[in-house]
Amino acid sequence: MRFSGFRVVKEALTGHKGWRPLWRNPAPQPAYDYVIVGGGGHGLSTAYHLAKVFKGSRIAVLEKGWLGSGNIGRNTTIIRSNYLLPGNEPFYEFSMKLWENMEQEFNFNAMVSQRGILNLIHTDAQRDAYRRRGNAMLLAGADAELLDRDGVRGMYPWLNFDNARFPIKGGLLQRRAGTARHDGVAWGYARGADLLGVDLIQNCEVTGFRIENGRVLGVETSRGYIGAKKVGVAVAGSSGRVMQMAGMRLPIESHVLQAFVSEGLKPVVDGVITFGAGHFYVSQSDKGGLVFGGDIDGYNSYAQRGNLPVIEDVAEGGMALMPAIGRARLLRAWGGIMDMSMDGSPIIDRTPIEGLYLNAGWCYGGFKATPASGYAFAQLLATDAPHPTASAYRLDRFARGYVIDEKGMGAQPNLH
Amino acid sequence: MTDLSPITALGGAVPRSVSFGALSLSENTGLALASLSLRRGASQPVPMGLQLPGPGGWTAGNGVAAFWTGPGQWMLEGEGRAEESFARELKSRAPDCSVTEQTDGFVAIEIASAAGPEPIRALMRKLVNIDAAGFGPGCATRTGLEHMTVFVIRRAEDRLAIIGMRSLAGSLWHALAQAAARLEGEPA
Amino acid sequence: MTRLSGGLIDRSQTLRFTFDGKSYTGHPGDTLASALLANDVRLMGRSFKYHRPRGVFTAGSEEPNALVELRTGARQEPNTRATMAELFDGLSANSQNRVGSLNFDLLAVNDLASPFFAAGFYYKTFMWPRAFWEKLYEPMIRRAAGLGSLSMQADPDAYDKGFLHCDLLVIGGGAAGLAAALTAARSGAQVILADEDFRLGGRLLSESHSLNDAPATDWIAALEAEFASLPNLRVMRRTTVFGTFDHGIYGAVERVSDHLAAPFAAVRQTLWRITAKRAILAAGATERHIPFANNDRPGIMLAGAMRSYANRFAASPADRVAIFTNNDDGHRTALDLAAKGVEIAGVIDSRAGVRALGQYPVFAGAMVSDAKGRLGLTRLQVTRDGQSHWLDCGALGIAGGWNPNVHLASHHRGRPVWDETLLSFVPGQDGPPVMSVAGAAAGKGSTHAALTSGAEAALAALSELGRTATLPDLPRAEDAPINQQAFWHVPGKGRAWVDFQNDVTVKDIKLAHQENMRPVEHLKRWTTLGMATDQGKTANVTALAVMAELTGKSIPETGTTIFRPPYTGVALSVLGGGDTGKHFRPTRLTPTHDWAKAQGAVFVEVGQWMRAQYFPRAGETTWRETVDREVLATRAGVGLCDVTTLGKVDVQGADAGEFLNRLYANAMASLKVGMVRYGLMLREDGHAYDDGTCARLAEDHYVVTTTTAQAGPVYRHMEYARQCLWPELDVQLISTTDAWAQISVAGPNARALLERIVDGFDLSNTAFPFMACTELTVCKGLRARLFRISFSGELAYEIAVPARYGNALMAQMIEVGADLGATPYGTEALGVLRIEKGHAAGNELNGQTTAQMLGMGKMVSTKKDAIGAVMSRREGLSAERRILVGLMPVDASQPVVAGSHLFAPDAEQKTETDLGWITSACFSPHVGSGIGLGFLADGTARIGQEIIAANPLQGQSVRLRVVSPHFVDPEGGRLRD
Amino acid sequence: MLIPHPLLGLRDAQEFTYLGDAALLNRPDGMAEGAAEAFNDYVYLRDNPAGVHRELWFHEQGDRSWLIVTRNTVTHEILGAELARDVALAAKGGAQ
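Protein chains in written order, with UniProt numbering: chain A, 1 to 416; chain B, 1 to 188; chain C, 1 to 977; chain D, 1 to 96.
Hints are computed from structural coordinates only; laboratory data are not their basis. Mixed in with the good hints, there may be bad ones.
Pair by pair, the computed Cβ-Cβ distance ranges are [claimed, not checked]:
1. A156/B with A23/D: 42 to 48 Å
2. F132/C with G197/A: 41 to 47 Å
3. A937/C with G154/A: 37 to 43 Å
4. K92/D with G65/A: 42 to 48 Å
5. A937/C with L217/A: 43 to 49 Å
6. A32/D with N25/A: 54 to 60 Å
7. R355/C with N25/A: 45 to 51 Å
Just so you know, even glycine gets a beta-carbon here, dropped at the ideal spot from N, CA and C.
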């Protein structure tokens, strides 16, 4: 069924009787050409692009819980391509271009909204670093603007300009960045994949890999054994424990990242703002909630919940930057488990086990990568060759010394 | 004696002090400090006749005092001896230990209550995540306070010392004075 | 008037307040909601999506409808529940989420268009043309969405943080909580009793039941008197425990002054972090409703709330009310209101064969199937056995059973379990191990059961803590079952609201089911169920029941939602704590701060430090003019700069040298006593970490410096190396950063100046050569340390004295050095001097660079194992071609801009052809043009060549010449003289 | 969270700074054969268990002891804490 304004009107006038399920609930087949483990954003995007772009067939997505229950279901919805390093920026810009055409592509309104992201500058050294980054973005075909203090004040006059511990000296603005309705992205890819014949199998937990002679044959699941020619794992947050079933240790730690939303408010924050002197970033959803976050809790965790000091830290940053939001109330806090990699950048690569592919290590930047990650992973699965913009995301880059360390923090995941 | 004139950690020529209700805060500029660490194989000394306290403890005697700062580590206090070579004297009394002069590394703020222990406890509740009920005289610990790290010493039921980094003296004073002022202004 | 007799309001005082500009009066003890009801105001708000007129639905923090903007100006507080706003004299509130007045909201047009706005409609349209989303559709949606508004002025009130510790935290001051607190406090344990209400008692305040044959308030009053005498019990009213965190830590907000007219003498609110060995959750229960068509009319509310208004607040929403119930509890409301003189139009009871418990009509086996009265209920349709009739009334109380408030027991993702007898979720066994649940929150809803379970929970908790306590004499109390029927919603065609605030109806749930959005998380996300400010407290279980009916599964099979903090909304200002603005983070001042301030220095934030940036003089019009002067004065005479901010670590012990050898990439053990060596630290991954100097004061004593920015992390790293990697070494560490005021004395006259302050120390080049260090005295006996090191390329020293003398030493040196040109310089000139000399600083040591890139590849010793040495030899690091070079404009009038990328002159400028970037740049008065440092591929080989610095961000493209990074005295003669 | 400091009792985790897996104590010998592989494993690869994890915490705002805390990463339950120095010394055969 094609969605359109006409269809919405027609259904409204006929009691909504014509709406069909967004996707089927198929029973698992004994074997597939491709099994994607993980029905989060990246897994669904992979299946969609595998079917759509690379004409794959006999594809299944195996999801432990409900579709979209990965980190695509709990994030701060920001999309951007404002990276510094050549291993990253072209990939995220590729992703941005996919975002820009996503909804027409899969006929589902994921509310991609390009209202801009502004990274605030508080020191001269930070300005130098952002200038380097902004130039890297432009050189990779993305957009960027460097604002001075007045430029920032013109956009957001209610930021703390006059009583700040760390004065605002300017900002790096990417206008094409913004937000997207995170669940809508998952549903759009899921519906699109389902229409292309992909079996989306919910409540199907992978409990093991069947590996013989260094080659993967299929997966053991809570719903029985499923054979596969190729298995792609896209379970960021749980990559450690899933890949352990294949006998692999990864350059990844699992950490909890909290995010927050305020009660609904009339529009005040138009785009995305990040504080450069504290742990705080914010946007406002179409429903009116201020969606904000900060730093990870900082310790290994699979608990999907965080602790009070980080909540206070983020709120302190928010109040320091935006003292006018003080009377808004925090409505909900949640925690997601992040694959924090050793250099802060992801992995899209083959593994030493033939037929087993890995998409992991997204740290807390996975949402914005959803379209390109799925595209690139699908290409790798289909052709065994990496997508050109994802060619640096190799698993062996650590051993060989080609890390992609945007923050320059070294091999300590909780600092990325 | 040098011809240079020192200033206090808070930048004054004389120590600062202020009162809020029952609580008074005063900058203790006379306090000499020196750290002492056991070297490998060294036995615990009894410097200047003082039995060094165990973890979490503060002891005073013979005109000096000491608090535990870490395994095998203490800070020695010499009240009114900031202008002396306190560290050198300590080193001479504990030659097998590493001794470092610390008098100028810190600001010491002495807090006194004129109404018994409760104002001290109330102030602690607003400042540090330490259970005031279990933090009686003779307790000392290092902890966080408004993004600073401080030593907190309960010198007596009605006296508390907060020792913070010297460069942060102004921010520390602000935090303590504001907390004390707000306690004074609390609705009955 | 619908003000009733009795109640817990203080009629001796009258409080004036306004709502939407109209004046009303109430009394102490009122909430805004109760006072409005008492003034015949039923319409209090508008719903989120359809802008339906709404009245107050509850009497507590679960309120979905009666949300207002409280106070005005910078204190305007949106989405404030009128049910929780304690009335004070002068209170001002306005309704919200409306265009026009509350009575005539223009956006109510949405309600007429509601067929188009079914669940999930957004996802199916607004996609064409593409550009219209940001320009048209989304702005339209954003304007219509949201609830209350912020003033966007800075919050003027003060907030506080604090820490509490106790043996037992009791959450909730109702029957169970009071019994628990009493039991525990009598045992001598440290107890905190926290309740969100301004008055202790919980539901006891809302019921007409007696305790020991007397009003419940008598028992509460006696208890409060005893509580006041127990120093080990802290009673916290107006305090919401909003979150359960790990290991017995709870977040709580005390509304210290919200019930007072502002401005407040103290703080508005305090955030408490409570650490409790054990906790008892006695948060009561929330009543649920029974959806039917048009069940959102103002005047329709929960029956328990109606009882609260009547009994506690002496207010009724109407003179004639009806009750819709599936249990006996609804009849209590009828009895209590009748006793207060309110006419009962009837009790519509879904259970067949039930009888009235008093003098009021009962419609047994019936249900309410529709309601009339857009701005206030006028009539109800009552249906029984397919026959309907209309019943006139101004208010309806709905009693659909009670949901235990399990939230705080489920913040660790513990799942509540379904109790088929109670027809509700009760806390499961997987809650926090240090928390137990009592009273209605545990499904023990009768007063007797609540009292008993509270006291018993306290006994159990104390016994786990090794304390003995005795069960107090608890008052005799009602213990009647409510005989509930599983009746979840009224079938029918009209819209029946489940989640009032977010306008989620039974139809929306049916549509979600039809579209296969059946897992409860899909249901929530597709329909927005439970995502409003009340977090679905009155909606979620009912919605599960509807979905369960559709799928044919049981309610527990259908699922339960995950409870997350906070329990109720918490103001960002109180979470953000007491100190903000300039006090957001503490400020570190250098020892010469006061002196610099007196000189008129401009200061700059450097991490936590404030440092003098430059020292403008009269007549200087730009900062550049000042900085150029400072630089030239230093190179011509002598400059003085406070460099105290560099981290200083005292390293002692027999193995100090060996320890530093392993920590630094270059050798340190071989350093002679009395000498200093530059040191480069790598991270274990082989990248450059930090640099500084190591001065050897004695065989077993070094003083090492770190960069300002990394002082903390490097100290931590050194302790890690000492304790975790090489505990066998005899080494002791202590930071001495603040103990010493350290001043850089640089320039050709540096020696001459120092000779005037040292106490007879031989500073000649032979006695005290480049890289020497010593302990000495200055200014007639002041102990000091002197290091002959240079970051400017000039003859230079750093002198350290006890911090309290730093201010005076600086003043003294400027004074005695006047004829030598002694000039203070700030961080800007410091930066220029080091760039001119080609010294790496933070922009070069940014964590992404290597020793090789910094031109220090040879410093990484291959003869010893040191941190990072092995990994620095990896293929990728060895193959790195970019190296630090100097850069000068070909045309001296052109700027050199840090952050520019470097390209070959003829290359197309793109990621693939990028050769490097400019790390640091400045105007060099010494060179007479802009200069820069940068990392350039094959840079050393390119020296002398031209290169393009591209800064497309600012439309710049400048031809530069590649030069040695040492713009000043590349041979290093000056600093060795 | 509360960390059971072996010398100071329960202390708020906010006083601590977290590093990671306690396997970081077992630093390979940089001069030994095969050091490159050993360091890759040591610096980059982690067990990252969903369950009991031994990990390094630094009492930064306290006594500056490095601790090895044994903690369940799924429940956050803490099973114990030791001074890292003691553990490291024991591993080195109790030198000193």
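Outcome of the hint check:
{"no.": "1", "hint": "A156/B with A23/D: 42 to 48 Å", "result": "holds (47 Å)"}
{"no.": "2", "hint": "F132/C with G197/A: 41 to 47 Å", "result": "violated (32 Å)"}
{"no.": "3", "hint": "A937/C with G154/A: 37 to 43 Å", "result": "holds (39 Å)"}
{"no.": "4", "hint": "K92/D with G65/A: 42 to 48 Å", "result": "holds (46 Å)"}
{"no.": "5", "hint": "A937/C with L217/A: 43 to 49 Å", "result": "holds (46 Å)"}
{"no.": "6", "hint": "A32/D with N25/A: 54 to 60 Å", "result": "holds (57 Å)"}
{"no.": "7", "hint": "R355/C with N25/A: 45 to 51 Å", "result": "holds (48 Å)"}
Checked against the numbered hints given earlier, the structure breaks only hint 2 and satisfies all the rest.
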